[in-house]
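Asks: The residues making up each chain are set out below.
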Amino acid sequence: MRLSVNELEILARKAAVGAGVDYGYAVEAAQSLVWLRAAGVDCVAGFLDCLRAWVDGGTAQVTPAYDQDRCILSGPPGQTASALYAAAAVSDFSTLMIKESHFSRVEVRNVELPCLVLAQLARQPWAGGLAVRCLEPGGAPERWTALIRARQEARTVSVAGDVTGGRSALVRVAAGELSHPAAGGPAPAEAVWAPDFRALFARGASIEPDHYEALRQFYDRTLVPDSDASRLRGAGAGLVDSD
Amino acid sequence: MIAGEGPAIVEPVTLRPADEVMRLARMGSAFPTRLSFMRILIRRMHRERWAVSVRERRLDEHGFGHAVYEAAGPERVYSLVAFSNDLDPSRRTDRVIADAWDTTFTLFDGRPTPADIERLRANTPKQEAGRFGPGDLVLCRANKSVRLFEHVRDSLARGVQPDDGMLGRIGYLMRTTAVYGNGKFGIADRGRIFERPELAAPFQAELLTVYLIRCFTLDHVEHVARARGGAGAVPLDRDLKRRLGIGNSTGLGMAPFLVTHPALIHNWIHARELALGRVLAAGTPGRAAADRFRTLLDRAIHHVHEWNVEDEIQMKRIRGLRRDLAALAERLHEGPPRTWRDVYDWVAGHCGLECQELTVSLLIETSPALVDSLESELSSDFVERLDASWTVGEVRRLLENRYRWAIDIDFNDPRSRALFWYTSEDKLEPRLGRRFCEPGAEREMPLAVARDVSALYEITAAAPASEPLASFALRFPNTRHILMRIQCIADHPYGEIRDNLIDEGCRPIDLLRCKLACFGAWKFDPRSDRWTRITLYQGAPLADELHTAGADDWCFALVG
Chain P
1 MRLSVNELEI
11 LARKAAVGAG
21 VDYGYAVEAA
31 QSLVWLRAAG
41 VDCVAGFLDC
51 LRAWVDGGTA
61 QVTPAYDQDR
71 CILSGPPGQT
81 ASALYAAAAV
91 SDFSTLMIKE
101 SHFSRVEVRN
111 VELPCLVLAQ
121 LARQPWAGGL
131 AVRCLEPGGA
141 PERWTALIRA
151 RQEARTVSVA
161 GDVTGGRSAL
171 VRVAAGELSH
181 PAAGGPAPAE
191 AVWAPDFRAL
201 FARGASIEPD
211 HYEALRQFYD
221 RTLVPDSDAS
231 RLRGAGAGLV
241 DSD
Chain Z
1 MIAGEGPAIV
11 EPVTLRPADE
21 VMRLARMGSA
31 FPTRLSFMRI
41 LIRRMHRERW
51 AVSVRERRLD
61 EHGFGHAVYE
71 AAGPERVYSL
81 VAFSNDLDPS
91 RRTDRVIADA
101 WDTTFTLFDG
111 RPTPADIERL
121 RANTPKQEAG
131 RFGPGDLVLC
141 RANKSVRLFE
151 HVRDSLARGV
161 QPDDGMLGRI
171 GYLMRTTAVY
181 GNGKFGIADR
191 GRIFERPELA
201 APFQAELLTV
211 YLIRCFTLDH
221 VEHVARARGG
231 AGAVPLDRDL
241 KRRLGIGNST
251 GLGMAPFLVT
261 HPALIHNWIH
271 ARELALGRVL
281 AAGTPGRAAA
291 DRFRTLLDRA
301 IHHVHEWNVE
311 DEIQMKRIRG
321 LRRDLAALAE
331 RLHEGPPRTW
341 RDVYDWVAGH
351 CGLECQELTV
361 SLLIETSPAL
371 VDSLESELSS
381 DFVERLDASW
391 TVGEVRRLLE
401 NRYRWAIDID
411 FNDPRSRALF
421 WYTSEDKLEP
431 RLGRRFCEPG
441 AEREMPLAVA
451 RDVSALYEIT
461 AAAPASEPLA
471 SFALRFPNTR
481 HILMRIQCIA
491 DHPYGEIRDN
501 LIDEGCRPID
511 LLRCKLACFG
521 AWKFDPRSDR
531 WTRITLYQGA
541 PLADELHTAG
551 ADDWCFALVG
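Going down the list, the sequences are from chains P and Z.
According to my numbering, numbering within the first sequence proceeds without interruption in unit steps and concludes at 243.
According to my numbering, numbering within the second sequence proceeds without interruption in unit steps and concludes at 560.
These are computed hints drawn from the structure, not numbers from a lab.
Treat each hint with caution, since some may be false.
Label-pair restraints from in silico Cβ distances [what the hints assert, rightly or not]:
1. P:SER206 to Z:GLU56: 30 to 38 Å
2. Z:GLU442 to P:ALA65: 27 to 35 Å
3. Z:ARG341 to P:LYS99: 38 to 46 Å
4. P:PRO137 to Z:ALA462: 35 to 43 Å
5. Z:GLU56 to P:GLU190: 46 to 54 Å
6. Z:LEU398 to P:SER206: 38 to 46 Å
7. P:PRO125 to Z:PRO439: 21 to 29 Å
Interface residues of chain Z toward chain P, partial, derived using beta-carbon atoms under 7 Å [what the hints assert, rightly or not]:
8. MET166
9. ARG169
10. ALA388
11. ARG480
Even for Gly, the Cβ is constructed at its ideal location relative to N, Cα and C.
Let's have the full structure, built from the sequences with the hints guiding it.
Replies: Structure follows, in structure tokens:
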């Protein structure tokens, strides 16, 4: 089925609220989901996994720690960090890195759906020039690398590697050009995400019916049955409007 | 000084402070101005010589069937696809939960093909239960004012004109009960159309829809009268047609918009205040402007005398407004105003809020050259986000400077949190519940700005002033939305309503009137403190009058 962009954003935001995510974080997660869609990345399934994990207690909020010139965000020991919070947090601390030079690197460890982190960063007006790496747990090779570039008002993202996978990972953000450990230089971009909102508005956002239903189930948790008092006082109440 | 045609614009000008303007009592006294969105649309249609025509009309003798109305601007064509149905009178209700209507409409982007019309025939009459696409811009429905519709139909069929008193009192043949845009039910997102000059100002697609519905209703009643009266039927007199607008019932569904779009609302109100400021700064009014003001004042006095409602609170305010306007007229009779500032200051010192806000509308109306360029400043592409580099100390300073009105509210008093806003399960529409006697408060919508600001102020008292919001927001995640909001308001002060929207004394009708005045609605007719009827386009030029010289001069329309 096809949704308007506005429908997708509201559905995602309210689904997150229905899953118990604090409103401000739900707003930003939904905006990032739409940004990804405009860039041609469909991660609704991953977003749903995030909501389920949050509801089930399988993921946790992050807290910051500081180690020399690094800000490290992580959940409690052994627990995966929820992308719904970690994405905004990485972005927030990267703001400090860029604007205040408090540290030179921001990391979030063991975070689910790392592409949501990348989208949240890419939406920020100051994000041009940020280099982002996504590493497998245990120091395995980079799953993906990305470089955010400012292009007038919009940001584009050059990506190398598998970005949309849902496995948790370490995401490392730094200012400046990206050094790829294997190549010893900038990572070769396999794809460039250039969000095209005009095209998205023109065609709308397709969504799998079962994903829509799953989001609606979370959304429905925000709804309240009308009370009799409300019905009696609402527009047109008590009237057959044939006057 | 800004160069341009007409009188010089002196800037910067002194604006009425947001703390004064954005109080519910004053917002609930608002009147339309030259910058209201309907006025902007009609001016553009006049300036660009738009053509409105009937492209297709397949209605039976009862007026049931479909019709297509076309509005052609210089670059694009928009089509109103109308479906008229036989509605059981017992199902005719203004409530948003209705599931059948006399007429349903879609504004289509371009000219619909027969296949488009068949697709819309299968969906438009279902309204919320239908599904639409990016080529469908607006979805709407309307019910007849049966009493007036039948009177006009029967009169015209008999070859006589309808009673103009009855026509003026009711003011419309049909009343819309919902007008949906911006992506609802799959229709086009505003993002798809906002770059078009003709739709750049707020709600232009929605208000074009309503204007075309007005055209449809006037033709529709004549069509049915002709079918009944045959050769003896007469068309509706042009002057009477002009007195007919489109009715509208508006309830709580519209209210949260004023809270959830602070940057946009700032732009609307700021433009109006800047317009007023420019007029007040313009010095001594010329003779033509002074004469224009007196003409408009006379018209407004007559208009307000024709404004009668059943609601006792509003009727009392209208009577006060009549007295105030008479006093203003008497004062002006003593001699021309030295400056517009003198006029405004006298009204502010001697008259009630209704008269003050009506005077704002009059003053803005006198000076198109100072005002009309502000049309381009009404939209907003602001994106909510948190600037996490702010410190807690900066937040507290902002709260103390901008939100003292909220901080000083005692939220330990249950009366100050007696209400809660929620989204209804029945129709996904906003509703207002009583916190201590109705279920669902734990699911309330984030509209309790005053309470959340007050809580934020309390929480920040215990936090280090140097703490950046990056870490504060993680420690107190439920404050993120209000942090984002106050940062927005720092640059958009007219975007915040300076009243507690969950107080037991809150009157949502004040929110509705403010927004509806921005649209350009007249004849506010509150039916409770939660919903109102209004009239749109009453007195506006008919489709074949859009190109006449007086096409923009229809404020304070007289209908008696």
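Asks: Does MET166 (chain Z) pass the interface hint, meaning its C-beta sits closer than 7 Å to a C-beta of chain P?
Replies: violated (12 Å)
Asks: Range hint 38 to 46 Å: satisfied by the CB atoms of ARG341 (chain Z) and LYS99 (chain P)?
Replies: Taking Cβ atoms as reference, ARG341 (chain Z) and LYS99 (chain P) lie about 43 Å apart, which means the hint holds.
Asks: Using 7 Å as the Cβ threshold, decide whether ARG169 (chain Z) counts as touching chain P.
Replies: Status violated, d = 11 Å.
Asks: Let me know if the C-beta of ARG480 (chain Z) comes in closer than 7 Å to any C-beta of chain P, holds or violated.
Replies: Hint holds; ARG480 (chain Z) Cβ to chain P Cβ min 3 Å, cut 7 Å.
Asks: Just to be sure I understand the hint, the distance between the Cβ atoms of PRO125 (chain P) and PRO439 (chain Z) should be within 21 to 29 Å; is that true here?
Replies: violated (42 Å)
Asks: Does the Cβ-Cβ separation between LEU398 (chain Z) and SER206 (chain P) fall within 38 to 46 Å?
Replies: holds (42 Å)
Asks: Confirm or reject the claim that SER206 (chain P) and GLU56 (chain Z) have a C-beta distance inside 30 to 38 Å.
Replies: Holds, at about 32 Å.
Asks: Does ALA388 (chain Z) pass the interface check with chain P, least Cβ-Cβ distance below 7 Å?
Replies: Holds. Min distance 3 Å.
Asks: Is it true that GLU56 (chain Z) and GLU190 (chain P) lie within 46 to 54 Å of each other by Cβ?
Replies: holds (52 Å)
Asks: Could you see if the CB distance from GLU442 (chain Z) to ALA65 (chain P) stays within 27 to 35 Å?
Replies: holds (33 Å)
Asks: Should the hint that PRO137 (chain P) and ALA462 (chain Z) are 35 to 43 Å apart at their CB atoms be regarded as holding?
Replies: holds (37 Å)
Hint check: violations occur at hints 7, 8, 9; the rest are consistent with the structure.
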